[in-house]
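K.L.:
Protein chains in written order, with this note's numbering: chain A, 1 to 331; chain B, 332 to 621; chain C, 622 to 951.
Keep in mind the hints are simulated off the structure, nothing from the lab.
Since the structure is predicted, the reported quantities are computational estimates derived from the model, not experimental observations.
Each hint should be verified, as a subset may be incorrect.
[Said to hold, decoys possible] Subject to a maximum C-alpha distance of 30 angstroms in a straight line, what follows is the list of computed DSBU-like cross-link-like pairs (lysine-lysine): (1) B:509 x C:717; (2) A:267 x C:868; (3) C:695 x C:664; (4) C:709 x B:509; (5) C:664 x A:267.
[Said to hold, decoys possible] Just so you have them, the derived chain B footprint on chain C, three or more residues with Cβ under 8 angstroms: (6) 703 to 715; (7) 828 to 836; (8) 916 to 924.
Heads up, the beta-carbon is just placed ideally off N, CA and C, and yes, glycines get one too.
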Amino acid sequence: MAPLLKVDDLATYFYTQGGVVKAVDGISYEVARGETIALMGESGCGKTISALSILRLLPASQVKIVAGQVLFDGVDLLKASKKEMRKVRGGNISMIFQEPMTSLNPVLTIGRQISEVLELHQNMKRRETVQEVIRLLNLVGIPQAERRMRDYPHHFSGGMRQRVMIAIAISCRPKLIIADEPTTAVDVTIQAQLLELLRGITRELNTSLILITHNLGIVARYAQRIYVMYAGRIVEHGPAQDVYRYPGHPYTAGLLASVPRLDEPRKTRLTPVEGQPPDPLYPPPGCPFQPRCTYGVPQCQRSKGDFVEVTSGHYSSCCLAQNGVTPWEKT
Amino acid sequence: MAVVASTSQPHHTLWGDAFIRLRRNRLAIAGGIVILLIGLGAIFVPLISPYGYAKQDLDAILQGPSWGHPLGTDALGRDVLTRLFYGARISLAVGLFAQAIVLAIGLPVGAFSAWVGGRVDNIIMRLVDVMYAFPDILLIILLRAILGGTIYMMFLAIGLVAWVNVARLSRGQILSLKQQDFVTAARAMGASGHYITLRHLLPNSLGPIIVAVTFNVPRAIFAEAALSYIGIGINPPTPSWGNMIRDGYDVIFAAPYLMIFPAIAIGILMLAFTFLGDGLRDALDPRLRR
Amino acid sequence: MGKDLIIEVRNLTKYFTVTSGLFLQKRIAQVRAVDGVTFAIHKGETLGLVGESGCGKTTVGKCLLQLYQPTGGKVFFQGKDLCRLSEKELRPVRQKLQVIFQDPYGSLNPRFTATDIIGEPLRIQGIARGRAYRDRIVELLNLVGLASYMADRYPHEFSGGQRQRLGIARALASQPSFIVCDEPVSALDVSIQAQIINLLDDVQEQFGIAYLFISHDLSVVRHISDRVAVMYLGRLMEVSDRDELYKRPLHPYTQALLSAVPIPDPVVEAHRATIVLKGEVPSPINPPSGCLFHTRCPKAFEPCSTVTPLLADTGGGHAVACHLYPASQP
Chain A
1 MAPLLKVDDL ATYFYTQGGV VKAVDGISYE VARGETIALM GESGCGKTIS ALSILRLLPA
61 SQVKIVAGQV LFDGVDLLKA SKKEMRKVRG GNISMIFQEP MTSLNPVLTI GRQISEVLEL
121 HQNMKRRETV QEVIRLLNLV GIPQAERRMR DYPHHFSGGM RQRVMIAIAI SCRPKLIIAD
181 EPTTAVDVTI QAQLLELLRG ITRELNTSLI LITHNLGIVA RYAQRIYVMY AGRIVEHGPA
241 QDVYRYPGHP YTAGLLASVP RLDEPRKTRL TPVEGQPPDP LYPPPGCPFQ PRCTYGVPQC
301 QRSKGDFVEV TSGHYSSCCL AQNGVTPWEK T
Chain B
332 MAVVASTSQP HHTLWGDAFI RLRRNRLAIA GGIVILLIGL GAIFVPLISP YGYAKQDLDA
392 ILQGPSWGHP LGTDALGRDV LTRLFYGARI SLAVGLFAQA IVLAIGLPVG AFSAWVGGRV
452 DNIIMRLVDV MYAFPDILLI ILLRAILGGT IYMMFLAIGL VAWVNVARLS RGQILSLKQQ
512 DFVTAARAMG ASGHYITLRH LLPNSLGPII VAVTFNVPRA IFAEAALSYI GIGINPPTPS
572 WGNMIRDGYD VIFAAPYLMI FPAIAIGILM LAFTFLGDGL RDALDPRLRR
Chain C
622 MGKDLIIEVR NLTKYFTVTS GLFLQKRIAQ VRAVDGVTFA IHKGETLGLV GESGCGKTTV
682 GKCLLQLYQP TGGKVFFQGK DLCRLSEKEL RPVRQKLQVI FQDPYGSLNP RFTATDIIGE
742 PLRIQGIARG RAYRDRIVEL LNLVGLASYM ADRYPHEFSG GQRQRLGIAR ALASQPSFIV
802 CDEPVSALDV SIQAQIINLL DDVQEQFGIA YLFISHDLSV VRHISDRVAV MYLGRLMEVS
862 DRDELYKRPL HPYTQALLSA VPIPDPVVEA HRATIVLKGE VPSPINPPSG CLFHTRCPKA
922 FEPCSTVTPL LADTGGGHAV ACHLYPASQP
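So here's chain A without its partners, still in its complex pose (with noise of 0.2 angstroms):
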């Protein structure tokens, strides 16, 4: 079955006063329908750039989405008129941010800001929008829905407004959410009860969740299939189980060592990935991960990227992988 979004060999260029930032550089990758993915990196290496490159949200003047295409439900969404995306934009795919006291208006209060998009994606009037909004805050778990939704962004915590961004995201029903750091700026058992929520929420409208992050945990926790992304590039990708047992790329290796987890007993010593993430206006020659790592070999500079599988449905881009076989120890 097709999937619902296949994003194909997608590059997004900044130009700056310093050169030519190649902040995504020739990534692919796809969603089936109901299924969650995560994008999973660290900051700088492009995973916000891809999302918002798919729904065209970057300011024209410096970025350019330079090469690729983006597949939805068979129709390529960076060839779409803008009138089409606007459709497309919280009717079709859906977008919650990291930061929800920037993403929210301040001086608009929240129930409006809900009926908005009906009104905008569902030609509902404002009147009959009340019903709507009452019902979505109370999926999302606020309550006292009637008074609440009269209120202003400020008067809630940071994880209620998570809770109004995932209410706004939900209200049309979108076929795919994308999440952007979406618990980043949440304590930890706010992001449980968010993430649960999302979960339960996606199950029961069966709606397709891209989760972008750069924690660990919750990619374990929440995502099927997993890309991880280094420098603009997707470095390995596969079933989430897969990638975590046989990692089949040294950064990802390297990131899985160097974190402390409680279900293991302690280390007395962590072991880090060395160095630095590369400058993205001088990016090295070849594999970009290749300046940190401890395997590389003269071939590494030559890389162009390629996937080799290392099990079923799992790829990987290091030159060095190669049937599972791997010159680092799984997990």
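Take the given structure of chain A and dock chains B and C to it, following the hints.
P.N.:
Showing chains B and C alone in chain A's frame:
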């Protein structure tokens, strides 16, 4: 211990970085050049011009632009171009010296208010609000009447009115900087309040203040022109653009250019400072860096 | 005071008053940021202080260093009560008490070079000058893994992880015996966090420095701490040795916290039960009566809403403030 590699960017100080960015802004450079040219003209006009600013030639009054007098002569036969450059001295002096007074009063008041905080801060700011609410021209006129007619008192009058803006600005800057961790770190080391204000707070608040002062200059220039126009600014025969406009008004139908040229001069200088100020603001904004 | 104790905090409280009004400054509300906290840290030991945002852990750190004036309680450093010292008397003591901040961007003056930043404690405390000053700077730079030629660079020329190293070098300059580490790795990328944690570990071992390690990240705290204290809304809920806390968490809040931390292993996660707390964290201006946690506690019962449980030892140095355990009865 493993040594970590550094970034591959070329090495700049923060001021150096700002200067490079400023250089790229053409309008700002244009503004700077205009100011420089007017300034040099104002300084060297006695050497360049064959006329003095007070030299009357009653045989050649109210003449239009000609080779001998590129901008014409006024009602007393004085050369307009020469007088314009002498007037530029006044405008530039007022613009700059008044700002010196603004900085000398506004910066410490704002900084002190922010550092002390609490009730004192509250009271000082309400006083600032009261002063700010008065129309500034009226206050300046009042101060002129009290302080007297010399040009130095003019600097003082304008400065005493315009400092409130900078005080507010410096207070705002210091207040937000006070919260920063590097200030807390300094306190944790045992730094005194004076040290923190001088070495941490003030240097970091300079950016917006420099910009504000640059934008204040055209306002001071205009204030001087306005005062001279209504007769309580610079007294004749010393030319100032304001009193030149006033003199021009008397013969407006015979020689309209006598009003127009000084007015244009005011406009150009004000615009030049504004462009420069815009450029400085963009160059000094840390967020726009790269 | 025991000969090995370096920090002892007794009943520390810090209330912030919210006022309004121009001249009269009417008090409208009081935020009970820290409401009676007691603990002790030994020489060379790390006490992890965990809790979520708003629980008061950062305020505890600042009160310890006298960056806030505590509203009540005592803070003993090597036997001296810091709260009773004037700022002048406190100054020489500050050499021994240092702090590392969370934000690698805001904790360094953007107009100072690396040398200025690291050397500031040396200048303010008059520890070193001239040749000795420069040598010490280079020594510190190398200690934290930075090359000597970076001494003249500005913060914006360093990456986040490198800036944290600068912050650590600055904290080490005056040879402190105690450092408050306020979320030192939370703002860093995952791949850099382990580097900095190892550095903190190494430095502690080399110089015998005690840490108060404040964090919301339970996995990191478990790695670096010897003992752990759990805080909620300004009070301590549980304090114990590290292994004991993670193996046998007694307080329902600790249990919920641990359960909420996702483990980077999909197979393990698929079989884990999650305790999801209901409701939001109450406001510290209007804290609940009795046990502060009772409004969200899945195990709350009769006395929880009326009687405040005491933080009491249930045996072997494992203290908990919960009515489920008889020791907590007042």
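K.L.:
Give a verdict on every hint.
P.N.:
Consistency of the hints with the structure:
Under the criterion of a C-alpha separation no larger than 30 angstroms, the hint pairing residue 509 of chain B with residue 717 of chain C is consistent with the structure, at around 24 angstroms. About 16 angstroms separates the Cα atoms of residue 267 of chain A and residue 868 of chain C, which keeps this hinted pair within 30 angstroms; it holds. For the hint pairing residue 695 of chain C with residue 664 of chain C, the CA-to-CA distance comes to about 19 angstroms; that is within 30 angstroms, so the pair holds. Of the supplied pair hints, the one linking residue 709 of chain C and residue 509 of chain B holds, its CA atoms being roughly 21 angstroms apart against a limit of 30 angstroms.
Distance check on the hinted pair: residue 664 of chain C and residue 267 of chain A sit about 22 angstroms apart at the alpha-carbon level, within 30 angstroms; holds. Residue count for the stretch 703 to 715 of chain C with a Cβ under 8 angstroms from a Cβ of chain B: 4. That meets the three needed, and the coverage hint holds. Counting residues of the stretch 828 to 836 of chain C whose beta carbon lies closer than 8 angstroms to any beta carbon of chain B gives 0, which falls below the threshold of three, so the coverage claim is violated. Coverage of a stretch by a chain is defined here by at least three residues with a beta carbon nearer than 8 angstroms to that chain's beta carbons; for the stretch 916 to 924 of chain C and chain B the count is 0, and the condition is violated.
Checked against the numbered hints listed earlier, the structure breaks hints 7 and 8; every other hint is satisfied.
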